[in-house]
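Novice: Use these hints to put chain B onto chain A, whose structure you have.
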Amino acid sequence: MRPAGVPPARTALAAAAVLAALWAPGPAGAQERFRRTPPPPDPRPLELRLPAVERTVLPNGLTVAVAVRPGVPLVTLQLVIRAGEADAPPERPAVATAAARLIGRGTKMLSADYLQNSIEAIGADLRVTVLMDYTVLTMHVLEEYLDRAFYLLRLITLEALFTERELGAVRRTLYWELFERKKDPEVLAWSQLLRLLFAGHAYATGTYAEDVIKHITVRDVTAFYDRFYRPGNAAVLVSGPVDADTVRQRVEGHFGAWAGPAPGRPAAARPPGNDRERICFVESPDAPEATIFAGNVIMDSYDPEFFPFLVLKQILGGTTRARLFMNLRETRGYAYYAFSETEFFRSCGVYWARARVRPDSVGPAVREILREISAMAAEPASPAEIEEAKAFLIGNLPLRFETAAGFADWMARYVALSLDDGQWDRGPERFQRVDAGRVWETARRHLGAKPLVVVVGRPDGLPALLEAFDAVEVYDAAGALKYTARKGVGP
Amino acid sequence: MKRTAALLVFFAFSFAAAPGVPAQGPAPASPPFRVQDYRLRNGLRVVLSEDARLPLVTVAVAYGAGTLREKPGQEGLAYLLENLMFQGSENVPPLQHVGFVQKVGGELNATTTVDKALFYETLPANYLALALWLESDRMRSLALAPAAIERTRTDLLEAHRSRQAADPFFGTFAAFDSLLFPDDLYGRPLLGTGDGLMKLSEPEIAAFRRAYYVPNNAALVIVGDIDAGRARELVARYFETVPPGADVPTPPRPVFDRPNDAVVRTVPIGTDGAGFHMGYRFFPFQPGEIYALRVLEYLLAEGETSRLRDRLVRKDRLARHFSASVDSRLSIAALKFFCLGNNRVMADRSQRAILSELDKLKTNAISMDEINRAKRRFKRDYLDRLSTNLGRALFLVDAAFSGAPLDDLGAELDRYLGVGPLSVQAFVAKYFIPQNRVVLELEGR
Numbered sequence: 001m002r003p004a005g006v007p008p009a010r011t012a013l014a015a016a017a018v019l020a021a022l023w024a025p026g027p028a029g030a031q032e033r034f035r036r037t038p039p040p041p042d043p044r045p046l047e048l049r050l051p052a053v054e055r056t057v058l059p060n061g062l063t064v065a066v067a068v069r070p071g072v073p074l075v076t077l078q079l080v081i082r083a084g085e086a087d088a089p090p091e092r093p094a095v096a097t098a099a100a101r102l103i104g105r106g107t108k109m110l111s112a113d114y115l116q117n118s119i120e121a122i123g124a125d126l127r128v129t130v131l132m133d134y135t136v137l138t139m140h141v142l143e144e145y146l147d148r149a150f151y152l153l154r155l156i157t158l159e160a161l162f163t164e165r166e167l168g169a170v171r172r173t174l175y176w177e178l179f180e181r182k183k184d185p186e187v188l189a190w191s192q193l194l195r196l197l198f199a200g201h202a203y204a205t206g207t208y209a210e211d212v213i214k215h216i217t218v219r220d221v222t223a224f225y226d227r228f229y230r231p232g233n234a235a236v237l238v239s240g241p242v243d244a245d246t247v248r249q250r251v252e253g254h255f256g257a258w259a260g261p262a263p264g265r266p267a268a269a270r271p272p273g274n275d276r277e278r279i280c281f282v283e284s285p286d287a288p289e290a291t292i293f294a295g296n297v298i299m300d301s302y303d304p305e306f307f308p309f310l311v312l313k314q315i316l317g318g319t320t321r322a323r324l325f326m327n328l329r330e331t332r333g334y335a336y337y338a339f340s341e342t343e344f345f346r347s348c349g350v351y352w353a354r355a356r357v358r359p360d361s362v363g364p365a366v367r368e369i370l371r372e373i374s375a376m377a378a379e380p381a382s383p384a385e386i387e388e389a390k391a392f393l394i395g396n397l398p399l400r401f402e403t404a405a406g407f408a409d410w411m412a413r414y415v416a417l418s419l420d421d422g423q424w425d426r427g428p429e430r431f432q433r434v435d436a437g438r439v440w441e442t443a444r445r446h447l448g449a450k451p452l453v454v455v456v457g458r459p460d461g462l463p464a465l466l467e468a469f470d471a472v473e474v475y476d477a478a479g480a481l482k483y484t485a486r487k488g489v490g491p
Numbered sequence: 001m002k003r004t005a006a007l008l009v010f011f012a013f014s015f016a017a018a019p020g021v022p023a024q025g026p027a028p029a030s031p032p033f034r035v036q037d038y039r040l041r042n043g044l045r046v047v048l049s050e051d052a053r054l055p056l057v058t059v060a061v062a063y064g065a066g067t068l069r070e071k072p073g074q075e076g077l078a079y080l081l082e083n084l085m086f087q088g089s090e091n092v093p094p095l096q097h098v099g100f101v102q103k104v105g106g107e108l109n110a111t112t113t114v115d116k117a118l119f120y121e122t123l124p125a126n127y128l129a130l131a132l133w134l135e136s137d138r139m140r141s142l143a144l145a146p147a148a149i150e151r152t153r154t155d156l157l158e159a160h161r162s163r164q165a166a167d168p169f170f171g172t173f174a175a176f177d178s179l180l181f182p183d184d185l186y187g188r189p190l191l192g193t194g195d196g197l198m199k200l201s202e203p204e205i206a207a208f209r210r211a212y213y214v215p216n217n218a219a220l221v222i223v224g225d226i227d228a229g230r231a232r233e234l235v236a237r238y239f240e241t242v243p244p245g246a247d248v249p250t251p252p253r254p255v256f257d258r259p260n261d262a263v264v265r266t267v268p269i270g271t272d273g274a275g276f277h278m279g280y281r282f283f284p285f286q287p288g289e290i291y292a293l294r295v296l297e298y299l300l301a302e303g304e305t306s307r308l309r310d311r312l313v314r315k316d317r318l319a320r321h322f323s324a325s326v327d328s329r330l331s332i333a334a335l336k337f338f339c340l341g342n343n344r345v346m347a348d349r350s351q352r353a354i355l356s357e358l359d360k361l362k363t364n365a366i367s368m369d370e371i372n373r374a375k376r377r378f379k380r381d382y383l384d385r386l387s388t389n390l391g392r393a394l395f396l397v398d399a400a401f402s403g404a405p406l407d408d409l410g411a412e413l414d415r416y417l418g419v420g421p422l423s424v425q426a427f428v429a430k431y432f433i434p435q436n437r438v439v440l441e442l443e444g445r
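Here the protein sequences line up with chains A and B, keeping their order. The first sequence begins at 1 in our numbering and counts up one residue at a time. The second sequence begins at 1 in our numbering and counts up one residue at a time.
Each hint should be verified, as a subset may be incorrect.
To be verified - Covered stretches of chain B (chain A as the covering partner; in silico rule of three or more C-beta atoms under 8 angstroms from a C-beta of chain A): (1) 104-117; (2) 128-138; (3) 160-171; (4) 182-192; (5) 379-385.
What the hints assert, rightly or not - One-sided and incomplete, this derived list gives chain B residues near chain A with beta-carbon spacing under 8 angstroms: (6) G99; (7) A236; (8) R237; (9) R376.
To be verified - Keeping only pairs whose Cα atoms sit at most 30 angstroms apart, straight-line, the calculated DSSO-like set for lysine-lysine is: (10) B:K430 with A:K183; (11) A:K214 with B:K315; (12) B:K336 with A:K108; (13) A:K182 with B:K315.
These are computed hints drawn from the structure, not numbers from a lab. Even glycine gets a Cβ: it sits at the ideal position worked out from N, Cα and C.
Looking at chain A on its own, in the form it has when it is part of the complex:
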C-alpha cells in the first residue's frame, strides 16, 4: 500500500523514462507481481550454533573456560573475578573498581609504565569492567601474542602491588569519569533508580557518586584484593581460534601456583522493590528535555519466568513498533523516544521504561508510561504481539555474539553467574516455548506493584510534574534528597 498523496513511482523517474524504456526487459508501466508483498523467509532452518564453552577446574580451584572461534586470528583473554561493586564494604563503595583499575599499575618489581608499555607492545590493551556481581579484566590480542598475554595477565594480577601514587591517579580518573557522567540525564536517572530501589540492600553499595572516591585507601584496596582475588573465586576465559587443550595447559602453567582460599560469598536476598506511587525528580540544570525512568525489581536470570519476562519487555518497549514508542511518540507526540529495558544481577533483575520527553509533557508522559506498564498486567497481550516479540528476540540473538567483544562479554556473564545453556545457544528454544498465558502470568506477578518513577530535568520542569502528581521527591544530581514538593504547596 502506498502512502496517500504519493504519485505513482514511475512518474518520479520521468527523467530516466526514455532510457528505461529502451533498456527495461518488461513492460515499462507495471510493477512485477512479486514486489507487492514482502517475500517469505527462505525455508532452510536457521540454527544458532555457538562454540561450546568447555570448562575445567584446576586443582587450585581456578576455572578455565575455552570457546574455540575459528575465523579471525584474534584471541580474547579474560580474567573473571566473582566480586563486583556489591562486594565492596558498605562504608567503602567503589573499592572494587579501584582495585580492578589498579591491576596493571605496578608489581613489586615492575612499574606501571613498564607494564603498560609491555601490554601495548603486543598490540593489546587492558580493559577493566566492574559490574555489580563480578569483575572482568580483558585483553584482546593478535593470536601470535597469546602466550605473552597470558604471562602479562598473570604478572599484573598475581603480583599486583598497590601504591599511594597509583591509587591517587586512579582516584583522579575515576572522580572525573563519575563527574562527567552526571551530565548524561540517562546515567543520572539510572543511578537514581537503582539507588532508591536498592536502598538498604547490598546492591546499594554499587550506586555511589564521585564524592566517595577520595575516601578509598591502599589498605581498603589491599583488603578487597586479598579477599576476592583468589583462584577459587576466579576464572580464566579464552575465546578465539585456539586449541582448547593447549590453552588449558598454558593457563595451568601460568596460574597453577596461584593459591588461597575462596571467600564465602552467599547471594544476597532479592530486594523487596517498590510497592507504592513514588515520583522522584532529579535536578539537572543543563538538561534540555525531561528524561523518565520507571521501573522495579524483578526475578533473577535463573528464574523460569526469565524468558517470558523478556518477551513481555519486548512487547512493552523493545522497538519502535512496541507499545511505549507507538503511544508516547507516534500517537501522543510527548516523547522523542520511549523504550523498555532489563538488567539482571545475581540476586535479582530490574526492568525499566525509559523515555525522553518534552518538558511540558512530562506529567502526562509519566501517566501514560504507568498506564502502559499496568496494562501489561491487566490484559493478555495479543497472539500477534507475542509472536512478533519472540521473532525479534530469536532473530536478534546471534547479533549479540557477532563481535569478539560481544561474545566475550556474554561468555564472561555466562561463566561468572554460572548460567545454564538457555543463556547460551539454547535461547531460541526457550523463547519458542513462551506463550501468551505465561507472559500474562509473568506480567501479573511482576508488574502488579507500582514502579518507581525517576524524572531528570531542569528545576523549572518540576511544576509540570506536580500538575499530574500530588507529591514529588526532589533530589540533587548526587542523589541526595532535598525536599518533597507537594501539589498546591509552595517551595
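Specialist: Just chain B, lined up with the frame of chain A:
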C-alpha cells in the same frame, strides 16, 4: 550494458611476527576472505561475501549521493534524502522499512558522508530476500510525499537542536570541519544552520533523488551466511529491472588555496573548561599516503603509551580528554585532534605539547620498535573490524567506492604493515607545516 563476468577474489593475509617482542611461533594465515564482484545490466555494482559462522546476513546499499553532490544553497539535501529513504515506497508504507527489519530481529542504520549515502541492515540470514525487497523497492519507487518531507525536515532540525542543546561540543565539530576543509563542497556540514534545509523545494529533492539514487550510481554489498548462487538469483530478481538513471558525473575535485600561516579561530562553548580542535590537512592527498598516515595516527594517539596520549594525559596531565582521527574525503585528508583541559592555560600547554611532539618526529629518528608497536595495534583493530558481517560490508563498500579493484584488497594490510620509520617521517616533513595547520580554540564560560 554487458554483464561482466563474476570475479572471484581470494584474500589471504599472512602475518609476519614483528621484531621487538618475541612471538610464539609463526602466525597462521587468516582464513580466505572470498568475494564475488559483478555488475547488473543497469549498472548496479554487486559484491557478495560468504561467512557462515553465524546465521546472519548484512545487506548494505551505498549511493554516490553524499554532501558534495549538493549545489550551493542546498545544504542538508543529502542528509534529508537519506532520512526520506525511510518514508515509504510503492510497496512499503512510511517507516515500515524499519518495522519489517525489526519484526525479524534485525538491526539497521544509515549515514551520509561527503561522497555517499549508506544504508545497511543485519538480519537473520533466511530473510535476505526481505532485505533485498526493501532496498530495491525504495531504490526504484521512493515516495516523496509533501507531508513526509515536511515531517522529516522538522524532525531533523528538532533532533539537531536537541543535540546542540545537550552537547556543548556538538556544533564545534562541524565548525572545525568548515575551517579545515575550506572548499564549500568538501567542508560543508550535514545540516549547518538548517536554513538551507527549510528552503529546499520538492522539485529540488526529487531531482537529487533522480540524479543520484539510481543503480548505476550505487553498490550493493551482501555479507554473511548466504549461498552465493541463491543470493545472485535474488539480487537479479529484485534489482535487475530497476531502471538506471542518467550518467552520473565524477564528483568535483576540491578547490583549496593554502594560506600563508596556520589558521586559528576561537569559539565560545557553554560549559566549563577549555579545549581545542587541531588538524593538519593533506592536499592533494595521494592514495598511497594513507598507509603512512594511519600508522602515524596509531603512533601518535592510539593506546595509552602512544606519544601524544602519553604526554598529554599520563605524564603532563594536561588533558581531561584527548582523541585523534583520520578524516579522508577523496583527494583531501586530515589528521584531527580534539583536546579538553580544565582551563585555558592547560589547553594552551596541550597545544604546545602537540607541536613539540610533532617537531620531534621531524628531527629525531623513529625506532623500529615504536613503529612495530603501532602497527601491531593497527593490525589488531583492522582484523577486528573485518570480523563482523557489517564491518566487512562497510569495508567492501569503501573499497568499491575507492575505484580500486577488489582483487587487490588482500594485499592492503600488508601495505600498512610495510610502512617503516622513514615513510612516516617523510609524511610528517611533507605535510606538518604551519600552512596546513588549523586550530579552533574552545573558550569555556
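Novice: For each hint, tell me whether it holds in the structure or not.
Specialist: Results for each hint:
no., hint, result
1, 104-117, "holds (count 4)"
2, 128-138, "holds (count 7)"
3, 160-171, "holds (count 3)"
4, 182-192, "violated (count 0)"
5, 379-385, "holds (count 4)"
6, G99, "holds (5 angstroms)"
7, A236, "violated (11 angstroms)"
8, R237, "holds (7 angstroms)"
9, R376, "holds (3 angstroms)"
10, B:K430 with A:K183, "violated (42 angstroms)"
11, A:K214 with B:K315, "holds (22 angstroms)"
12, B:K336 with A:K108, "violated (39 angstroms)"
13, A:K182 with B:K315, "holds (27 angstroms)"
Hints 4, 7, 10 and 12 from the list above are not met by this structure, while the remaining hints are.
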